[in-house]
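Kindly generate the complete structure, drawing on both the sequences and the hints.
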Amino acid sequence: MSDQPLSAREEALWRALARLMVSLPRGLDDDLLRNTGLSLTDYSVLMHLSEAENRQLRMADLATATALSASRITRVVDNLQSRGLVDKQRTCTDGRGYNAVLTPAGLARLESAYPTHLASVRRRVIDLMDPDLIGPVGKQLVAVAEKLYSECKRQG
Numbered sequence: 001m002s003d004q005p006l007s008a009r010e011e012a013l014w015r016a017l018a019r020l021m022v023s024l025p026r027g028l029d030d031d032l033l034r035n036t037g038l039s040l041t042d043y044s045v046l047m048h049l050s051e052a053e054n055r056q057l058r059m060a061d062l063a064t065a066t067a068l069s070a071s072r073i074t075r076v077v078d079n080l081q082s083r084g085l086v087d088k089q090r091t092c093t094d095g096r097g098y099n100a101v102l103t104p105a106g107l108a109r110l111e112s113a114y115p116t117h118l119a120s121v122r123r124r125v126i127d128l129m130d131p132d133l134i135g136p137v138g139k140q141l142v143a144v145a146e147k148l149y150s151e152c153k154r155q156g
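Counting from 1, one number per residue, gives the positions in the sequence shown under the UniProt record's numbering.
If you're looking for bench data, these hints aren't it; they were derived computationally from the structure. Hints may contain errors.
Claimed, not checked - Using C-beta positions, here's what the derived DEER-type ranges look like: (1) Leu-128 to Leu-148: 32 to 40 Å; (2) Leu-148 to Glu-11: 16 to 24 Å; (3) Ala-16 to Ala-105: 18 to 26 Å; (4) Ala-105 to Pro-25: 32 to 40 Å; (5) Asp-3 to Gln-81: 44 to 52 Å; (6) Arg-15 to Gly-138: 18 to 26 Å.
Computed from a prediction, not measured in an experiment: that's the story for all the values here. A virtual CB, placed ideally from N, CA and C, is assigned to each residue, including glycine.
What follows is the structure, encoded as structure tokens:
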């Protein structure tokens with residue numbers, strides 16, 4: 001870890017990322033809410049569950065996957081459960097924890113929201129990028145994201 005000041009290029013990159021971290025989720029969330037009634041957080045939870053084995057995850061694993069605190073994931077899942085999109089079931093392995101389980105209605109809702117999310121991602125990110133840079137920039141962002149995600153999982 002270095003305590004050296006950022007160079008002008010590094011500072012410009014950092015500031016652009018900081019603006020992106022605020023504006024991109026807000027824009028994606030606005031598009032989803034307006035057109036589907038799902039928040040970006042709802043969509044992310046449903047997406048992670050749809051990709052999981054048997055369409056279910058332990059609550060702690062779902063919290064890690066979505067970068068939400070334990071209390072926040074509980075509130076989100078409880079809200080999705082009240083709407084019939086997710087169920088909560090005690091885990092079979094130890095009986096202490098809960099799994100969030102995607103319902104058929106939740107999968108249908110995710111699938112119906114996908115075109116809105118896709119259009120928003122294209123409009124807000126992909127279409128704004130130089131097509132020749134999508135590969136190299138994507139590779140760098142994946143490397144950073146994987147490193148940060150690994151640290152997040154370790155901290156649990």
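>> If you test the structure against every hint from before, which numbers come out violated?
In response: Numbers 1, 3 and 4, in rising order.
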